[in-house]
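Chemist: Make the full structure from the sequences, and use the hints.
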Amino acid sequence: MVDATIKQDGAVMRADRRSSLQKTFQRKSTIAFIMTLPLILLIAILVVYPALYAVHLAMLNKSMQKFVGLSNFTFLFKRETFWMVVWQSCIFALTAVFFKAIIGFFVAHFVHNIPDKGQRKWRGMLLIPWVIPPAMSTLAWLWLFDPSYSAFNWILERIGLSGVPWLGDAYWARFCVILVNVWIGAPFFMIMYLAALKSVPEQLYEAAKIDGANWWQTMRFVTLPMMRNIIMITALFSTIVTFANFDIVRVLTRGDPLDQTHVFATWAFRLGIEGGDIPLGASVSLFMVPILTIGAIFILRDIVKRGNEA
Amino acid sequence: MKKKSMTRRRFVATGAAAVGGVVAAPYVSSAQSAGTLKVGFWDHWVPGANKAIESAAKAWGEKEKVNVEIDFITSQGNKILLTIAAESQAKSGHDILSLPTWQPARHVDNLEPVDDVMGDLVKQNGKVNATVEYLGKIKGKWVVVPSTAGSQIKGPASRIDLLKQHAGVDILAMYPAGAAPKADGWNMETYLKAAKACNKAGVAFGIGLGTTSDSVDTAGAFFNSYGAVLVDQKENITVKTDKVRAAMEYMKELTAELPADAPSWDDASNNKWLVSGRGASIMNPPSAWAVAVRDAPQIAEQIWHHGMPIGPSGRHAPFLPYFWGIWSFSKNKSAAKSLLRALSTEAAAQSMVEASKGYDIPAYANFSTFKTWAEMAPPKGTMYHYANPHDHQVLSIAAAPSPHRIAEQIYTQGLMTKMIVRYHRGEKLDSVLSWAEGELEGFMRT
Numbered sequence: 001m002v003d004a005t006i007k008q009d010g011a012v013m014r015a016d017r018r019s020s021l022q023k024t025f026q027r028k029s030t031i032a033f034i035m036t037l038p039l040i041l042l043i044a045i046l047v048v049y050p051a052l053y054a055v056h057l058a059m060l061n062k063s064m065q066k067f068v069g070l071s072n073f074t075f076l077f078k079r080e081t082f083w084m085v086v087w088q089s090c091i092f093a094l095t096a097v098f099f100k101a102i103i104g105f106f107v108a109h110f111v112h113n114i115p116d117k118g119q120r121k122w123r124g125m126l127l128i129p130w131v132i133p134p135a136m137s138t139l140a141w142l143w144l145f146d147p148s149y150s151a152f153n154w155i156l157e158r159i160g161l162s163g164v165p166w167l168g169d170a171y172w173a174r175f176c177v178i179l180v181n182v183w184i185g186a187p188f189f190m191i192m193y194l195a196a197l198k199s200v201p202e203q204l205y206e207a208a209k210i211d212g213a214n215w216w217q218t219m220r221f222v223t224l225p226m227m228r229n230i231i232m233i234t235a236l237f238s239t240i241v242t243f244a245n246f247d248i249v250r251v252l253t254r255g256d257p258l259d260q261t262h263v264f265a266t267w268a269f270r271l272g273i274e275g276g277d278i279p280l281g282a283s284v285s286l287f288m289v290p291i292l293t294i295g296a297i298f299i300l301r302d303i304v305k306r307g308n309e310a
Numbered sequence: 311m312k313k314k315s316m317t318r319r320r321f322v323a324t325g326a327a328a329v330g331g332v333v334a335a336p337y338v339s340s341a342q343s344a345g346t347l348k349v350g351f352w353d354h355w356v357p358g359a360n361k362a363i364e365s366a367a368k369a370w371g372e373k374e375k376v377n378v379e380i381d382f383i384t385s386q387g388n389k390i391l392l393t394i395a396a397e398s399q400a401k402s403g404h405d406i407l408s409l410p411t412w413q414p415a416r417h418v419d420n421l422e423p424v425d426d427v428m429g430d431l432v433k434q435n436g437k438v439n440a441t442v443e444y445l446g447k448i449k450g451k452w453v454v455v456p457s458t459a460g461s462q463i464k465g466p467a468s469r470i471d472l473l474k475q476h477a478g479v480d481i482l483a484m485y486p487a488g489a490a491p492k493a494d495g496w497n498m499e500t501y502l503k504a505a506k507a508c509n510k511a512g513v514a515f516g517i518g519l520g521t522t523s524d525s526v527d528t529a530g531a532f533f534n535s536y537g538a539v540l541v542d543q544k545e546n547i548t549v550k551t552d553k554v555r556a557a558m559e560y561m562k563e564l565t566a567e568l569p570a571d572a573p574s575w576d577d578a579s580n581n582k583w584l585v586s587g588r589g590a591s592i593m594n595p596p597s598a599w600a601v602a603v604r605d606a607p608q609i610a611e612q613i614w615h616h617g618m619p620i621g622p623s624g625r626h627a628p629f630l631p632y633f634w635g636i637w638s639f640s641k642n643k644s645a646a647k648s649l650l651r652a653l654s655t656e657a658a659a660q661s662m663v664e665a666s667k668g669y670d671i672p673a674y675a676n677f678s679t680f681k682t683w684a685e686m687a688p689p690k691g692t693m694y695h696y697a698n699p700h701d702h703q704v705l706s707i708a709a710a711p712s713p714h715r716i717a718e719q720i721y722t723q724g725l726m727t728k729m730i731v732r733y734h735r736g737e738k739l740d741s742v743l744s745w746a747e748g749e750l751e752g753f754m755r756t
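Here the protein sequences come in this chain order: A and B.
The first sequence begins at 1 in the numbering used here and counts up one residue at a time.
The second sequence begins at 311 in the numbering used here and counts up one residue at a time.
Treat the hints as calculated values from the structure; they're not laboratory data.
Fair warning: this is a prediction, and the values are worked out from it, not measured in the lab.
All residues carry an ideal CB built from backbone N, CA and C; glycine is no exception.
Hints are not guaranteed to be accurate.
[What the hints assert, rightly or not] Derived DSS-like pairs (lysine-lysine); straight-line CA-CA distance at most 30 Å: (1) Lys62(A) <-> Lys550(B); (2) Lys544(B) <-> Lys78(A); (3) Lys62(A) <-> Lys449(B); (4) Lys433(B) <-> Lys449(B); (5) Lys66(A) <-> Lys437(B); (6) Lys198(A) <-> Lys117(A); (7) Lys62(A) <-> Lys447(B); (8) Lys66(A) <-> Lys447(B); (9) Lys62(A) <-> Lys401(B); (10) Lys544(B) <-> Lys62(A); (11) Lys62(A) <-> Lys643(B).
[Claimed, not checked] Derived list of chain A stretches under chain B, where covered just means 3 residues or more per stretch with a C-beta under 8 Å from a C-beta of chain B: (12) 58 to 66; (13) 99 to 105; (14) 253 to 265.
[What the hints assert, rightly or not] Examples of chain A residues lying across from chain B (beta carbon under 8 Å, computed): (15) Ser148; (16) Leu167; (17) Gly168.
Modeler: So, in structure tokens, the structure goes:
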């Protein structure tokens, strides 16, 4: 009798355990975790490990044989070129993101107002700069700005103007790298904003119209608030990517003339790989991480807060 | 038949004797001791030039019964630098790797000393120049073997017709094919005069002032011609010296005669300048001429490779050697050394020079008179003086003789070209020199 009861209890426990396991596996969060596990592992291998390794490298001396703590950073803070690179990276990223956002915003509106039939063609064409590998499209730009054979200068000279040293003068060179970044990145903003515009309910515009709102009021009180999250996320994402940009500057100017177009990534490459000072290069590349992280936290917190309010 | 049984005591004694014998036996180093040798050679610019080094390595492999696996690694996008850095970090990869200019000094701790190989090669092929020794012999030890493939002299490549027409310079008379140079009058002053005359005529000299190697090498050669050293061998900063000031004054005058966008030139810009017919002279190995032969034969027929102008401290030509190094973590060192000896014979060097159409420069004194340079055309003899057959100029490198870790920074950061551009753009000389001093202090870190 007692034996039978124990056996029964055991069976019940086993069944309970099985069902709780089943329940765990049936839980959406578990399934989501399992499904994202390959991606998490991939990110851990390709992002987390190199990032931690970069932190480790940044704390070694030049010959990478001694731990020096934050000495590489304190050394950088005393270098004139470093602060010039900080300044240039900020100018480059903030100006480029601003113009990408403005151009993307207006182009998205134009495309949104094109009748559905022809819209797909325009969307496709406008995305071309974004889908071409940047190193390739920048090479084409390099030929247009070429010091000796610039196609732009050829046109200027044909209309009686003198040629411009596009990449030889610091200000023109900065203009050129920003222009190319805007040309490549604006379609991304355009497509994100277009998606946001399409998700704004038509009734809101109808209600605004009934209330007698003009174009600007509709934009300010309907369109912009509805697009705000997308605008913030796109701007944040683009700022991070633009701060980390390498290929455009590397292909167009390599940081010349006089280091006046270097950004963090190109200068880190110059110091680390070309100059053989890998720890210093790693320190330069890590410099923006805390600043961008704080910015990202604030923006994402704001988005989550407004999501909860909604 | 009597069976011989082995006791436990006897087994132990025999085993110990066998082990002792193996340990005591002299190790005979031979290439056959290795099965496979992994080699990473620099991927040559000149089409077909890889073939010569590949054939030489394969022929050695067949003879020595070693399987040679060859990768040709491009320097485009600095891939060769990235490969070297990765293998050095991982302590794994090829057995032999091509190492550009400053890499032997940078990776000295991971390179197998090759004093034995270099000792024999110098006896066999003649001395190597001081620049090769400066870059390849670190702390008194050879850590690399100079490579024929990729080593180059970036001396002047000028238009015969334009120099004669606009500057009155008969470059053929100064540097005749097949004969010693008669270029005593080819000095800094005449060079500057020629640059001014050609610029006035709309065919300016094309010298870059960017931070890529062509620009830096040229600036370095001019500095060396004035004896202008930025940091001496004892790590003293010597920027504010009369020699540096003299070099800067000269370069300021010369820069005024160069294209306005020279500060943004890369290594392709000067080639395009000459091939397009817009310039009278550039500083480059014969690759620009080779492109002109293909794309603009009428210009190629007028290109002559010749020596540098002489300065107060001599006639210095920009020289950029490549090396072959054996990683200290290689498992096939004896085979690797044997292969490097095979690649450094006269026949191998000659085949590399021929396959590269004269571009490659062997490091050894006895190898500067190959017939390839004498016969290359059009015009016949254009490359006769390229390999410095009469030891007419000093083959030097920018930033030498500063200690390697500092020199490498001066070179890769283009310090000299930046100094020139700053001065050219109106900054006071003292201010430029103080700025350079500050940069050099930063380069001193260990």
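Chemist: Straight-line Cα separation of lysine 62(A) and lysine 447(B) no greater than 30 Å?
Modeler: OK: lysine 62(A) and lysine 447(B) at ~21 Å, within 30 Å.
Chemist: Against the 30 Å threshold, does the CA-CA distance of lysine 66(A) and lysine 437(B) hold or violate the hint?
Modeler: violated, 39 Å
Chemist: For the hint on serine 148(A), does the least C-beta distance to chain B fall short of 8 Å?
Modeler: holds, 6 Å
Chemist: Run the distance test for lysine 433(B) versus lysine 449(B): straight-line Cα separation, threshold 30 Å.
Modeler: With a Cα-Cα distance of about 21 Å, the restraint between lysine 433(B) and lysine 449(B) holds, given a limit of 30 Å.
Chemist: Within a Cα-Cα threshold of 30 Å, do lysine 62(A) and lysine 449(B) meet the stated pairing?
Modeler: holds, 19 Å
Chemist: Do three or more residues of the stretch 99 to 105 of chain A come closer than 8 Å to chain B, measuring C-beta to C-beta?
Modeler: Not satisfied, violated; 0 residues make the cut.
Chemist: Would you say the stretch 253 to 265 of chain A counts as covered by chain B, given the rule of at least 3 residues with C-beta under 8 Å?
Modeler: holds (count 7)
Chemist: Under 8 Å, Cβ to Cβ, is where glycine 168(A) needs to be relative to chain B, so tell me if that hint holds or is violated.
Modeler: Since chain B brings a Cβ to about 3 Å from glycine 168(A), closer than 8 Å, the hint holds.
Chemist: So is the stretch 58 to 66 of chain A in contact with chain B by the C-beta rule, three or more residues under 8 Å, or is the coverage claim wrong?
Modeler: With 3 residues in contact (Cβ-Cβ under 8 Å with chain B), the coverage given for the stretch 58 to 66 of chain A holds.
Chemist: Could you grab the alpha-carbon distance between lysine 66(A) and lysine 447(B) and see if it respects the 30 Å cut-off?
Modeler: Satisfied, since the Cα-Cα distance of roughly 25 Å is no more than 30 Å.
Chemist: Within 30 Å, alpha carbon to alpha carbon, are lysine 62(A) and lysine 643(B)?
Modeler: Status holds; Cα separation ~28 Å.
Chemist: Does the interface hint hold: is leucine 167(A) within less than 8 Å of chain B, judged Cβ to Cβ?
Modeler: Holds: closest Cβ of chain B sits about 4 Å from leucine 167(A), inside 8 Å.
Hints 5 and 13 from the list above are not met by this structure, while the remaining hints are.
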